[in-house]
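Enquirer: Here is what each chain is made of, one letter per residue.
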Amino acid sequence: MKYLKVLFFLTVILVPITVFGQDAISDVESKIAAVQTNADYVWTLVAAFLVFFMQAGFAMVEAGLTRCKNTVNILMKNLMDFSVGSIAFWAIGFGLMFGVTNGYFGTDGFFFSDFSKDGDNWLFAFWMFQVVFAATAATIVSGAMAERTKFVGYLIYSAIVSAFIYPIFGSWAWGSLFHGGGWLEGLGFIDFAGSSVVHSVGGWAALAGAMVLGPRIGKYGPDGKPRAIPGHNITLAALGTFILWFGWFGFNPGSTTAANTDTALIAVNTNLAAAAGSIAAMFTAWIIFKKPEATMTFNGALAGLVAITAPCANVSPTSAVILGLVAGVLVVLSVMFFDKVAKIDDPVGAISVHGVCGAWGTLAAGLFDINGFSWSVVGVQALGVLTCFAWAFTTAYILFKIIDKTIGLRVSKEEELDGLDFGEHGLEAYPEFEKVG
Amino acid sequence: MKYLKVLFFLTVILVPITVFGQDAISDVESKIAAVQTNADYVWTLVAAFLVFFMQAGFAMVEAGLTRCKNTVNILMKNLMDFSVGSIAFWAIGFGLMFGVTNGYFGTDGFFFSDFSKDGDNWLFAFWMFQVVFAATAATIVSGAMAERTKFVGYLIYSAIVSAFIYPIFGSWAWGSLFHGGGWLEGLGFIDFAGSSVVHSVGGWAALAGAMVLGPRIGKYGPDGKPRAIPGHNITLAALGTFILWFGWFGFNPGSTTAANTDTALIAVNTNLAAAAGSIAAMFTAWIIFKKPEATMTFNGALAGLVAITAPCANVSPTSAVILGLVAGVLVVLSVMFFDKVAKIDDPVGAISVHGVCGAWGTLAAGLFDINGFSWSVVGVQALGVLTCFAWAFTTAYILFKIIDKTIGLRVSKEEELDGLDFGEHGLEAYPEFEKVG
Amino acid sequence: MKYLKVLFFLTVILVPITVFGQDAISDVESKIAAVQTNADYVWTLVAAFLVFFMQAGFAMVEAGLTRCKNTVNILMKNLMDFSVGSIAFWAIGFGLMFGVTNGYFGTDGFFFSDFSKDGDNWLFAFWMFQVVFAATAATIVSGAMAERTKFVGYLIYSAIVSAFIYPIFGSWAWGSLFHGGGWLEGLGFIDFAGSSVVHSVGGWAALAGAMVLGPRIGKYGPDGKPRAIPGHNITLAALGTFILWFGWFGFNPGSTTAANTDTALIAVNTNLAAAAGSIAAMFTAWIIFKKPEATMTFNGALAGLVAITAPCANVSPTSAVILGLVAGVLVVLSVMFFDKVAKIDDPVGAISVHGVCGAWGTLAAGLFDINGFSWSVVGVQALGVLTCFAWAFTTAYILFKIIDKTIGLRVSKEEELDGLDFGEHGLEAYPEFEKVG
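Residue numbers (my numbering), protein chains in the order written: chain A, 54 to 490; chain B, 54 to 490; chain C, 54 to 490.
Everything labelled a hint here was simulated from the structure, so no lab data went into it. Being a predicted model, the structure only gives us computed values, none of them experimental. Treat the hints with care, as some may be off.
Copies of the same chain look alike in the list, so a pair counts if it works inside one copy or between any two.
What the hints assert, rightly or not - Derived lysine-lysine pairs resembling BS3-like cross-links, with alpha carbons at most 25 angstroms apart:
1) LYS84 with LYS454
2) LYS343 with LYS466
3) LYS393 with LYS344
4) LYS58 with LYS272
5) LYS458 with LYS343
6) LYS58 with LYS344
7) LYS84 with LYS396
8) LYS344 with LYS466
9) LYS278 with LYS466
10) LYS344 with LYS458
11) LYS393 with LYS466
12) LYS84 with LYS344
13) LYS58 with LYS396
Please put together the full structure from these sequences, using the hints given.
Expert: Next up, the structure:
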């Protein structure tokens with residue numbers, strides 16, 4: 054009886070202490086989680102900013118590798134890709150890609166309408182990271198269509214790729230990263246940072262655009278042989294390559310969208326694949342052309358970066374080197390194939406860098422999987438590659454055909470010969486410098 | 054009695070346990086706070102680095118939009134703005150802006166003298182973030198005064214704006230962020246990241262400088278009509294625009310000076326306003342000039358960025374789009390007004406971008422306030438706008454007049470015609486390229 | 054007896070509670086440590102990315118300060134420095150620098166072989182930070198050897214400096230940062246971020262290369278007097294300087310390789326020294342050449358940055374200003390010495406900026422030590438400076454001599470006069486622009 058009283062007495066004292074202790078622990082744990090959340094936000098945002106800066110890289114590469122009479126035009130297209138893309142992805146694209154899915158695409162969250170009600174700031178951090186990806190897919194196309202595309206036609210294309218073409222494929226592979234969920238990711242499709250979702254989508258749309266447009270005047274002689282049309286400023290192309298490599302450190306490691314220790318291997322793989330790609334492309338060009346050609350080398354670095362984008366989180370550094378080397382060889386052969394065999398005029402090599410090497414990287418995520426090789430994984434990767442091509446090429450081809458038949462996709466012959474800068478924008482890029490010829 | 058003994062006994066055991074638990078909890082909480090502090094430091098520093106990089110953006114925009122004979126000069130002014138500004142802000146400016154205030158300005162902390170004694174590293178992180186803001190205000194002026202200002206006069210101006218003009222207005226609006234406190238913020242003035250504090254101060258000082266200097270030789274014909282003097286390198290202007298947009302992600306989200314979840318909305322608003330600004334300026338220019346003019350479009354992006362700087366943390370994304378659209382229209386009209394009506398020669402549009410759109414953004418922080426519209430808030434914003442103009446324009450005007458009457462503000466006619474690069478620096482920017490004419 | 058029972062009773066209840074509490078606390082503490090670790094990773098990686106971007110800065114400075122006929126070549130050398138260096142540092146360099154040391158250098162961890170088995174991601178984060186340092190040392194050399202070095206010879210050099218010359222000295226000074234440990238750091242040698250380890254190693258290797266190569270054709274007249282060979286694009290040089298300054302905020306503050314509050318003072322010191330360096334160099338040039346010469350001013354900023362690299366964490370901001378001012382004067386005098394007295398042709402001033410100012414900064418880490426001045430500290434610093442010179446100059450000199458005697462280090466006279474771009478790479482940098490003469 055006395056013990057019962059003591060027990061009662063103890064209970065009265067101890068239960069609150071214990072509960073207090075558990076409350077305190079649980080309070081502390083939520084404070085720790087809040088600090089981690091803060092770190093996740095700033096990491097995701099910083100990574101997004103780096104990816105944004107890739108727009109400057111694309112602009113410099115594309116301007117550098119084309120002629121000076123079309124420089125203002127290509128710069129404007131790059132700036133508008135991002136500006137129009139930002140608005141389009143806010144209004145439509147994000148909802149289609151990450152909204153609650155109907156099985157084909159997301160159906161809510163347009164204009165931040167549904168998501169923002171709950172006041173969850175993560176929507177904004179996640180959108181910021183995703184919008185720069187959407188704009189990357191769109192901007193890839195401008196290079197392949199350079200020097201002959203009407204500005205107004207390009208604006209329409211750019212809005213539609215950011216609003217529809219990119220997000221719908223994206224919803225199949227990445228929808229579950231937010232509210233959605235897609236059939237490709239349901240099959241186990243691996244595309245960590247977007248070799249297919251971003252780069253191949255852009256690359257295959259670029260292929261469609263270049264096919265609908267046809268080659269630039271003078272690109273193929275009467276004998277059907279391609280002529281080199283050198284870019285006007287290799288320094289810009291090199292600067293752009295460095296900026297893209299820099300920005301890719303946001304693209305791949307940032308795709309964790311969380312501040313964690315996985316980011317380190319991803320960064321290392323990204324860097325090694327890029328280095329291997331540039332070396333392999335340089336030696337491939339050296340063998341074929343007898344000189345270590347610079348623009349092929351730059352494209353080799355980009356090819357390595359595109360290829361490592363899907364597998365950056367699930368392969369070893371040694372595999373990253375190998376798949377980067379393959380990408381570097383592949384991009385040179387692919388550029389030559391499109392130039393000489395397919396006779397598709399791609400002034401900057403965007404189809405080869407982003408389309409072909411994006412496909413290669415997506416397959417490589419299966420072939421070099423650190424968790425072990427399995428044909429079923431490789432099969433799903435191949436399915437993803439084919440689906441990506443079918444979707445992006447077909448929709449973009451139809452879109453460009455419609456634009457071509459309505460408002461027109463290509464500038465007049467006169468404007469093309471004079472340069473698009475004066476015809477489209479009334480401005481020269483370098484008015485004070487004497488041009489050759 | 055027995056219970057008392059038990060109670061005594063329990064107390065002897067339980068109190069230490071409880072206290073131990075509370076100590077442990079409190080120890081743990083301070084460890085959590087330390088991790089958060091570390092995150093705050095690295096976020097604030099990374100943001101500061103991004104804002105620093107805006108100096109490269111200003112240099113590229115200003116160089117690109119002026120003539121090649123004055124390129125070295127404008128680059129040197131940009132580098133010196135930051136170098137001289139860093140030393141001036143360390144020696145004087147920071148203390149005036151953030152020291153313990155006398156009601157008009159801060160009075161201690163010069164040369165880190167008072168602050169550093171307590172060994173608080175936050176001073177250094179905060180200073181690093183603030184110095185890049187001070188230098189931004191100073192560097193805005195160089196564009197409006199380009200192609201005709203004596204280098205030595207410019208150095209003096211640059212030091213004085215970083216040491217006095219910028220920090221004193223800053224102390225009124227932002228002093229309480231550190232040790233100070235100012236009358237404008239006391240009234241509830243909203244300028245989260247500096248539409249007024251940084252951009253309008255720079256823009257109105259630029260206006261004063263351009264007025265004291267007068268237009269460049271050849272800018273206005275005998276009939277008084279303005280002539281276009283095209284910039285020498287539109288690619289540089291585009292690169293600079295991208296760099297500025299990139300750096301602005303440090304400018305606005307970094308102004309939390311804390312790693313927290315508020316950063317995400319700020320980043321999204323910043324991006325949407327910039328995108329809307331560039332689109333609006335492009336279409337405005339398209340309507341007025343019949344072409345989507347590139348430099349107006351670039352300025353439209355910057356106008357959107359300047360305008361969202363004050364309200365980035367207290368408006369919705371939809372409001373950010375709207376106020377960015379307004380800024381994009383406004384900057385084109387304002388550039389035309391200063392060029393054609395006021396006949397004030399501003400080679401890069403700095404007065405319109407930073408002065409006018411800074412004022413618009415500051416008003417917009419009241420008009421679009423997510424916490425609800427109130428005339429009293431808008432009134433305080435208007436008071437801030439007027440105060441900023443009165444302070445920055447007047448002090449800068451007096452300063453430029455004094456420089457003009459003493460050591461001289463403008464180069465000789467011969468030097469202006471030959472270009473400032475040779476006259477001021479003995480160096481050509483592009484000695485190997487043939488120039489037109 | 055009754056109390057014993059109560060005591061027993063209490064023990065049964067209280068011990069579990071207490072143990073539970075201690076377990077919970079310890080669990081919580083490991084969760085806090087995990088968040089801090091995450092912050093350390095993302096800080097270290099972001100800093101590494103900024104340092105990577107310095108490659109773009111070096112490329113722009115070196116391209117801008119040389120002639121346009123050698124632009125493609127210098128860009129390719131910069132890209133290959135990083136690509137080849139990444140692979141070489143992964144395969145060999147990192148193991149030599151940070152592997153378990155045999156007293157002379159590290160002996161394991163090649164190809165990530167030994168380190169990666171334990172699955173410790175920190176290896177990857179740390180490697181990512183270190184590889185960008187290794188590549189910086191290598192890329193410094195390309196500027197001093199510009200406009201006359203065979204590409205294939207340069208590739209071999211670049212691989213060997215990243216694989217052997219840089220890491221072995223590095224193991225003496227920094228080995229203990231990972232698994233190793235070196236004799237210089239054992240003596241108390243202070244080189245926080247690498248004034249000696251990175252910059253002087255690169256600078257003295259550059260000196261060896263420039264000596265083995267000899268001056269460019271036309272650099273010294275028949276009278277032995279130096280002639281100025283102006284760079285082809287000062288805008289690029291300015292852009293590169295801004296990029297380097299930006300990247301240095303990763304170089305120095307990032308060398309904490311931990312997200313902590315020490316980063317702030319390091320950032321402030323870095324910035325103040327750079328600002329002081331550019332101001333001091335400008336005024337020194339102004340006095341000597343009667344004009345505020347731009348390229349000297351850019352080199353002054355870089356000189357301040359190199360000089361603050363060793364002492365950035367152990368000097369006061371005032372000391373940072375002073376040592377930056379000294380560096381700014383020193384770099385101008387040193388450039389003149391090598392140009393006019395030693396007659397060693399260094400097109401971009403790399404020997405002076407990185408070699409000489411690296412030595413100065415290393416000494417300054419002793420002279421301005423915030424913990425108090427001591428001759429023994431200064432003596433160790435001087436020993437480090439001398440060791441660095443002896444190691445880097447000697448090994449690089451031997452290496453360049455071997456390359457020169459075997460495959461050849463210098464291009465033919467014809468190729469040098471025609472430009473290396475066509476001869477080595479079959480490509481012009483600016484094919485559409487008319488060149489002078």
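Enquirer: Now tell me, hint by hint, if it's right for this structure.
Expert: Cross-check of the supplied hints:
no., hint, result
1, LYS84 with LYS454, "neither (56 angstroms within a copy, 57 angstroms between copies)"
2, LYS343 with LYS466, "between (36 angstroms within a copy, 21 angstroms between copies)"
3, LYS393 with LYS344, "within (19 angstroms within a copy, 36 angstroms between copies)"
4, LYS58 with LYS272, "neither (99 angstroms within a copy, 99 angstroms between copies)"
5, LYS458 with LYS343, "between (44 angstroms within a copy, 24 angstroms between copies)"
6, LYS58 with LYS344, "neither (94 angstroms within a copy, 92 angstroms between copies)"
7, LYS84 with LYS396, "neither (61 angstroms within a copy, 59 angstroms between copies)"
8, LYS344 with LYS466, "between (35 angstroms within a copy, 19 angstroms between copies)"
9, LYS278 with LYS466, "within (21 angstroms within a copy, 35 angstroms between copies)"
10, LYS344 with LYS458, "between (43 angstroms within a copy, 23 angstroms between copies)"
11, LYS393 with LYS466, "within (23 angstroms within a copy, 36 angstroms between copies)"
12, LYS84 with LYS344, "neither (59 angstroms within a copy, 55 angstroms between copies)"
13, LYS58 with LYS396, "neither (95 angstroms within a copy, 95 angstroms between copies)"
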